[in-house]
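Enquirer: For reference, the chains in residue letters:
There are 2 protein chains.
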Amino acid sequence: MTKKEKIIVIGSNSFSGASFVNYVLNENPQATVIGISRSVENNDIFLPYKKNNSGRFTFHCLDLNIHLNEVIAVIKDFGPDYIVNFSAQGMVGQSWENPEQWFRTNCIALMNLANALKKEKYLRRFVQISSPEVYGSCQGVIKEGAQLRPSTPYAASKAAGDLSLLPFFKNFDFPLVYTRATNVYGPHQALYRIIPKSIVSIKNSQKIPLHGGGVAVKSFIHIRDVCVATLAVARNGENGEVYHISPDNGNVSIKDVVRLICEKLGKNFESCVENMDERLGQDAAYIIDSTKIRKKLGWEPTISFERGLNEVISWVEENFDEILKCPRDYAHKP
Amino acid sequence: MTKKEKIIVIGSNSFSGASFVNYVLNENPQATVIGISRSVENNDIFLPYKKNNSGRFTFHCLDLNIHLNEVIAVIKDFGPDYIVNFSAQGMVGQSWENPEQWFRTNCIALMNLANALKKEKYLRRFVQISSPEVYGSCQGVIKEGAQLRPSTPYAASKAAGDLSLLPFFKNFDFPLVYTRATNVYGPHQALYRIIPKSIVSIKNSQKIPLHGGGVAVKSFIHIRDVCVATLAVARNGENGEVYHISPDNGNVSIKDVVRLICEKLGKNFESCVENMDERLGQDAAYIIDSTKIRKKLGWEPTISFERGLNEVISWVEENFDEILKCPRDYAHKP
Chain E
1 MTKKEKIIVI GSNSFSGASF VNYVLNENPQ ATVIGISRSV ENNDIFLPYK
51 KNNSGRFTFH CLDLNIHLNE VIAVIKDFGP DYIVNFSAQG MVGQSWENPE
101 QWFRTNCIAL MNLANALKKE KYLRRFVQIS SPEVYGSCQG VIKEGAQLRP
151 STPYAASKAA GDLSLLPFFK NFDFPLVYTR ATNVYGPHQA LYRIIPKSIV
201 SIKNSQKIPL HGGGVAVKSF IHIRDVCVAT LAVARNGENG EVYHISPDNG
251 NVSIKDVVRL ICEKLGKNFE SCVENMDERL GQDAAYIIDS TKIRKKLGWE
301 PTISFERGLN EVISWVEENF DEILKCPRDY AHKP
Chain S
1 MTKKEKIIVI GSNSFSGASF VNYVLNENPQ ATVIGISRSV ENNDIFLPYK
51 KNNSGRFTFH CLDLNIHLNE VIAVIKDFGP DYIVNFSAQG MVGQSWENPE
101 QWFRTNCIAL MNLANALKKE KYLRRFVQIS SPEVYGSCQG VIKEGAQLRP
151 STPYAASKAA GDLSLLPFFK NFDFPLVYTR ATNVYGPHQA LYRIIPKSIV
201 SIKNSQKIPL HGGGVAVKSF IHIRDVCVAT LAVARNGENG EVYHISPDNG
251 NVSIKDVVRL ICEKLGKNFE SCVENMDERL GQDAAYIIDS TKIRKKLGWE
301 PTISFERGLN EVISWVEENF DEILKCPRDY AHKP
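Order-wise, the sequence lines are chains E and S.
Per my numbering, residue 1 is the first one in the first sequence, and the count goes up by one each step.
Per my numbering, residue 1 is the first one in the second sequence, and the count goes up by one each step.
Chain E extracted, bound-state conformation (with noise of 0.2 Å):
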């Protein structure tokens, strides 16, 4: 692939948008990258494409909900070829407590900016990423079309402006597809997300805390894999679709997956654990179908959960340091 592509990443300084910012730099020597985050950037740590000194990345600070006008200049300078949008109020559990600040952003702004797009004559794609949350929790296994029925309000704003978006698509041909993955994981991850907090909490000695018992069953998949998957959907996804990306076998409880990283670790799980309550509207589980992006997009995961956690615990012992110096919880911004 040496073909010019040029993309714009919102949202680039959020775990899933850092990684797909490097994995594109890598995989297409000719992509110019610009990169959009309402946050100045990240520690170097969380930002892999750091390492790629391509000269081919710009960023952007700039918030969606406050420089909509700035955001809208940026890309008609830039005229992408495919926008990524990664960005939103992410937290579930935070959703309950002011769940207007959850609509504004996953909802209201997302819905302003492809208002302002939707007659842009470069742009062959905006990819839109949606959550399997947006199902609520549900028996047996999910296939695309399946109703939307969010238990919580952070789920309920990103279903909404999935549906917010679907207009511009059917009355200007607005190039828009979304993805659904499963749970992400993989180096470089938010510290307060259950993986690496429990690599740290071990390694400091901390109690990992286990809401609900950890009962919860998730299915992890790499970042990489989401990432190729992202890409081909941009490339070569169907317009008004959306596309599932889950692992081959990856459902695993919250407990189990704790247990695995105690074990590599050489940690006794018991002691290394303690219960909390289980938080507000989190689902029992959510097992997606991914056969549709597998037979029309040719995509398949490559890594195993087991290598995937090896890189991460790798990622935690290289950088211990520098990870011991960033805040550890999730701090919300409005």
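By construction, these hints were calculated from the structure, which means they are not laboratory data.
Source: prediction; values computed, not measured.
Hints may be right or wrong, so weigh each one.
Calculated Cβ distances over 12 Å to all of chain E for the following chain S residues [claimed, not checked]: (1) Glu27; (2) Tyr122; (3) Leu191; (4) Asn249; (5) Cys262; (6) Arg294.
Derived pair list, reagent style DSBU-like, types lysine-lysine, alpha-carbon separation capped at 30 Å [said to hold, decoys possible]: (7) S:Lys118 <-> E:Lys333; (8) S:Lys118 <-> E:Lys218; (9) E:Lys267 <-> E:Lys255; (10) S:Lys218 <-> E:Lys118; (11) S:Lys119 <-> E:Lys333; (12) E:Lys118 <-> E:Lys143; (13) E:Lys292 <-> E:Lys143; (14) S:Lys333 <-> E:Lys118; (15) S:Lys143 <-> E:Lys292; (16) E:Lys203 <-> E:Lys325; (17) E:Lys3 <-> E:Lys295; (18) E:Lys4 <-> E:Lys76; (19) E:Lys143 <-> S:Lys292; (20) S:Lys333 <-> S:Lys143; (21) E:Lys3 <-> E:Lys76; (22) S:Lys119 <-> E:Lys143; (23) E:Lys119 <-> S:Lys333; (24) E:Lys51 <-> E:Lys325; (25) E:Lys218 <-> E:Lys203.
Note that CB positions come from ideal geometry on N, CA and C, so glycine has one too.
Use these hints to put chain S onto chain E, whose structure you have.
Expert: Relative to chain E, chain S alone:
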């Protein structure tokens, strides 16, 4: 029915809201009703409850977007059995111009209201008046579980609002029910709606504009039938459920409705109409199935379209002098 019932109607100045107030006051002599709307009360000809001089109705001029705390205070002070929310930015065509306003009212203000009420114990039902437009243009007959595929910002904002309420039902047993009725009509409807607009235009010798030649198929149901259904859902609906409200066989094109009105008024159809461009995102048809409310709640429509149209014509004729003093076009308020 002599049971005391306390009901709050939000959006009581709307056609559906005002008609529901009137219906409830008549149906249950023990009912007390508070109406809330952001506009001062409309001209009496649009408020059928004005003739019901019962002293059981009180009006508060409050805007959910601005006076949420005051609305909550009114609700908590009254302690209603049912809240029925008709308030919405309701215009479809206009929603393209500044969609954010539609999302603020139809999603965020609604979500904030439900969030504030999610633990109120007196509340037996919160009836959210939704719309079949959330489904977009559908082939075949639509049942309540169909996918949400909105075609316009109005429809997307209604769908977003519907989803925003689900987390409160799922986590707090918030007594939420939805209704989705096909196109309502009847005496007292706003003059910019197609049926009263056609009658008034003919009587004024003005052309009736037919968007897209009037080929869009609608399914008109008399507002009194809808009021009966809405109260049945408030009283006996199952929480978390959607109820469709539709006529027996009311599918008719706009063109044929206008033709029928012309015939009733002794006018030639062709000379009364002028064709206009179709509205953006106009769905070709909504054919919704209302088997559920018929089977579960024993509801059925009783007013034929023929009889209903005669009622509207009589209403226009009886109030024609007053109608001529009223604005006849839709005026958007942010």
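Enquirer: Now, for every hint given, state plainly whether the structure supports it.
Expert: The hints, checked one at a time:
no. : hint                  : result
1   : Glu27                 : holds (33 Å)
2   : Tyr122                : holds (23 Å)
3   : Leu191                : holds (27 Å)
4   : Asn249                : holds (28 Å)
5   : Cys262                : holds (31 Å)
6   : Arg294                : holds (22 Å)
7   : S:Lys118 <-> E:Lys333 : holds (25 Å)
8   : S:Lys118 <-> E:Lys218 : holds (29 Å)
9   : E:Lys267 <-> E:Lys255 : holds (14 Å)
10  : S:Lys218 <-> E:Lys118 : holds (29 Å)
11  : S:Lys119 <-> E:Lys333 : holds (27 Å)
12  : E:Lys118 <-> E:Lys143 : holds (28 Å)
13  : E:Lys292 <-> E:Lys143 : holds (9 Å)
14  : S:Lys333 <-> E:Lys118 : holds (25 Å)
15  : S:Lys143 <-> E:Lys292 : holds (26 Å)
16  : E:Lys203 <-> E:Lys325 : holds (14 Å)
17  : E:Lys3 <-> E:Lys295   : holds (24 Å)
18  : E:Lys4 <-> E:Lys76    : holds (18 Å)
19  : E:Lys143 <-> S:Lys292 : holds (26 Å)
20  : S:Lys333 <-> S:Lys143 : violated (33 Å)
21  : E:Lys3 <-> E:Lys76    : holds (21 Å)
22  : S:Lys119 <-> E:Lys143 : violated (34 Å)
23  : E:Lys119 <-> S:Lys333 : holds (27 Å)
24  : E:Lys51 <-> E:Lys325  : holds (20 Å)
25  : E:Lys218 <-> E:Lys203 : holds (24 Å)
Of the numbered hints stated above, those contradicted by the structure are hints 20 and 22, listed in ascending order.
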